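2 protein chains.
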Amino acid sequence: MKNIANIPDNGKQRVVIAGGGFAGLKLARALKKSRFQVVLLDKNNYHQFQPLFYQVATAGLEPSAISFPLRKVFQEQPDIHFRVATLDRVDTEKQVIRTDIGSLHYDYLVLALGATTNYFGNDNIRQNAVPMKSLTEAIDLRNTILSNFELALNETDAETRKSLLNIVIVGGGPTGVELAGALAEMKKYILPKDYPELDFNQMKISLLEASDKVLNGYSEASSRKAKAYLEKLDVEVRLKAMVKDYDGSQVMLEGADPLETHTLIWAAGVKANSVPGMPEEAAGRGGRLVVNEFTQVKGFDNIFAIGDMALMTADKKYPNGHPQVAQVAMQQAALLGKNLNSEKKKGFRYTDKGSLATVGRNLAVADLPGLRFQGFFAWVLWLFVHLMAILGVKNRLIVFINWAWSYFTYDQSLRLLINPKRKSSAKLVEEEV
Amino acid sequence: MKNIANIPDNGKQRVVIAGGGFAGLKLARALKKSRFQVVLLDKNNYHQFQPLFYQVATAGLEPSAISFPLRKVFQEQPDIHFRVATLDRVDTEKQVIRTDIGSLHYDYLVLALGATTNYFGNDNIRQNAVPMKSLTEAIDLRNTILSNFELALNETDAETRKSLLNIVIVGGGPTGVELAGALAEMKKYILPKDYPELDFNQMKISLLEASDKVLNGYSEASSRKAKAYLEKLDVEVRLKAMVKDYDGSQVMLEGADPLETHTLIWAAGVKANSVPGMPEEAAGRGGRLVVNEFTQVKGFDNIFAIGDMALMTADKKYPNGHPQVAQVAMQQAALLGKNLNSEKKKGFRYTDKGSLATVGRNLAVADLPGLRFQGFFAWVLWLFVHLMAILGVKNRLIVFINWAWSYFTYDQSLRLLINPKRKSSAKLVEEEV
Chain A
539 MKNIANIPDN GKQRVVIAGG GFAGLKLARA LKKSRFQVVL LDKNNYHQFQ PLFYQVATAG
599 LEPSAISFPL RKVFQEQPDI HFRVATLDRV DTEKQVIRTD IGSLHYDYLV LALGATTNYF
659 GNDNIRQNAV PMKSLTEAID LRNTILSNFE LALNETDAET RKSLLNIVIV GGGPTGVELA
719 GALAEMKKYI LPKDYPELDF NQMKISLLEA SDKVLNGYSE ASSRKAKAYL EKLDVEVRLK
779 AMVKDYDGSQ VMLEGADPLE THTLIWAAGV KANSVPGMPE EAAGRGGRLV VNEFTQVKGF
839 DNIFAIGDMA LMTADKKYPN GHPQVAQVAM QQAALLGKNL NSEKKKGFRY TDKGSLATVG
899 RNLAVADLPG LRFQGFFAWV LWLFVHLMAI LGVKNRLIVF INWAWSYFTY DQSLRLLINP
959 KRKSSAKLVE EEV
Chain B
539 MKNIANIPDN GKQRVVIAGG GFAGLKLARA LKKSRFQVVL LDKNNYHQFQ PLFYQVATAG
599 LEPSAISFPL RKVFQEQPDI HFRVATLDRV DTEKQVIRTD IGSLHYDYLV LALGATTNYF
659 GNDNIRQNAV PMKSLTEAID LRNTILSNFE LALNETDAET RKSLLNIVIV GGGPTGVELA
719 GALAEMKKYI LPKDYPELDF NQMKISLLEA SDKVLNGYSE ASSRKAKAYL EKLDVEVRLK
779 AMVKDYDGSQ VMLEGADPLE THTLIWAAGV KANSVPGMPE EAAGRGGRLV VNEFTQVKGF
839 DNIFAIGDMA LMTADKKYPN GHPQVAQVAM QQAALLGKNL NSEKKKGFRY TDKGSLATVG
899 RNLAVADLPG LRFQGFFAWV LWLFVHLMAI LGVKNRLIVF INWAWSYFTY DQSLRLLINP
959 KRKSSAKLVE EEV
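Those protein sequences? They're chains A and B, same order as listed.
Sequential numbering from 539 applies to the first sequence in this note's numbering.
Sequential numbering from 539 applies to the second sequence in this note's numbering.
Where hints are given, some of them may not hold.
[As the list claims (entries may be wrong)] Computed list of chain B residues with no C-beta within reach of chain A, every gap over 12 Å:
(1) E735
(2) P814
(3) G825
(4) T851
(5) S893
(6) G898
(7) G913
(8) V918
[As the list claims (entries may be wrong)] Here are the computed lysine-lysine pairs in the DSS-like style, where the Cα-Cα straight-line distance is at most 30 Å:
(9) K731/B - K540/A
(10) K610/A - K751/A
(11) K610/A - K726/B
(12) K610/A - K581/B
(13) K891/A - K876/A
(14) K571/A - K570/B
(15) K671/A - K550/A
(16) K742/B - K610/A
(17) K581/B - K550/B
(18) K726/A - K726/B
(19) K550/A - K876/A
(20) K550/B - K731/A
(21) K610/A - K770/B
(22) K742/A - K891/B
Simulated from the structure, these hints should not be mistaken for lab results.
What you are looking at is a predicted structure, and each value in this text was computed from that prediction instead of being measured.
Note that the Cβ used here is the ideal one computed from N, Cα and C, for glycine as well.
Please put together the full structure from these sequences, using the hints given.
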């Protein structure tokens, strides 16, 4: 297999970073003035801001507002080489990775490929449900929902029409909760105006959670409050609800009647993206790679895993591994950057800055260290934190305008069904299918 | 075939408008307080602002900024029924249209389906070139260009790399000229920063025009100036250049050496979208439907054609038909709206408000009635006119910010390869493929 072209052997040691998410991007920037040659690989040419996917899915924001071209990030950075590529295999013996655009030797390999949707082996659900772990999936979800409304308009059978309107979300974590809330507000403020010919009292939004509370891992108060907010917005919240199967129109539940819906959103679990070539014994729970406190993958000195991929049990406060959130990913990346640059290595300790989740306008929950509050101020804090976290001043501006706009007009105007058809000539584009 | 569902027979006469472009949208709004029931059909759920497609293609604007959800337009309008549908056939005998979502009886039928790319029967070109007559095609073009740069990065053969960078545009009308200018500025200000590993002195942008000048139909001064502007931006402008064939990498020319490029943009001609079921004798040049001064299609009192579809020779000043531009479409729609609402009908006379075209920052040409100028002021006028023509205050705001941003930073930040994969469950979405 030929090498990835145009990456010089310039005597420097080469750090290959697989994945341009929060972890990979942070690390690549941390190595800016390092002694290394840095090669960053991602299957997209942009960095995506996961926390706001649900707003893209609910037509609140455009994809471009929460994604940022990776090349732009590194315009000023010398000897970094970014490539749009998918990692196919790691040859730990030869210290070579194989990708769809060629192979490449590494001195240090950093695996930061994140996590993907976990269907727990249920193929029916995988085929019929809509996931939400990438920007393109978020766009697909938007298109699915809007398409189903158009189909409902042309449906004569009342039952079928209802199930085209109904939306069932599985998974009561932040994604599920924020999505349910946003859809509920869409149903309340926008859809009746857009589709006067449809009766949205018939539409039911259900949130199913297997455990006994939503926002598991948040404080009791926040979980309770979030549930109350959702119900206030007329979302049916079902706790201890187990989904057994889904055929595209009927959700089968354990010990309950099936739910009728053409839109099942699956936010019930994630698993680490797998890396062919990594040894069995390195894999831990949820497919995560077992790492020591220096984020070195079990059995290797020169292969690291950071972010959602990594499973570290050395951090006293997190004996079962860290939560798979952006904060952990960025802190691990920052530390690894330091460790690679210096002689004496430091172990990782996660400092939890707290958790936020928003259900709807003026409705959010905040668990900060030693401080918990809900409602308007939590919501304002949520807006501020997320706005500041977005990459790029212009993106920030555009997001702010969109938010302010929908806040005051009770209306988003991005309800577009846009589907670029793939050009067979454009190889890369096809690969993303 | 079953009827389109949920459109009541309420005794009112039914006007069916096929197409939600400048003509169809304008007419639907003009019939707001009319005695008719209005049914509007479009294959998309949004209205698209064609004049700025080229900025979407060159990553200057997001699709959402120049498209507007049709349902939002009619929120306040009673007894209008919008459907996402494609017109398959007209049965003029029965006064029934057949679409992909069912059939429907009409009392009046207005055909406003616009024009599409004309490849003049060359299948190779149709298969290998990139058109730009729809928003999705504009996105495809953007993806094709960006993908080719990524491929060039991984290309070892110098010749192939060059042809991956080269861009050839066929057609020296406003679309071709504005596109060539935008690409030239991208090459000048952005690409070298984004792809420091590529040598953009190797990249050649060529504009091929069959006639002896660009912007045919504009004033001599404007044509000459536009050509000068393009050459100033280092675009190779070839007049009297005839493209014979294109295989995806080589453009065959009449009496000249072939050009090497992986990106051939075809803006060389349009033809009216065809409407199966309409009689032979109604079709005129370029597949346009022959209409009288009341935009009635030849041989019918109750079938009308407006916009790019219509070929009217009754207008003294335009014996060969009107130019296929938004101004004509909107003026015809406005008149037809009046005529349908009143007893005594008026014939159509086109008032030309002038033509504008922009090549790059501070570089534009303006032909106004009795007033012609080029350069900075033409450019400012172009910005203003287009900004005001965009539907929706927020879109206007977003477009303005994007323009101001790139003007002052010499940078757009929308260089994203985003490709939603189609959900097989979402019927409508598939149809748009």
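Numbers of the earlier hints that this structure fails to satisfy, in rising order: The structure breaks hints 1, 10, 12, 14, 15, 18 and 22; every other hint is satisfied.
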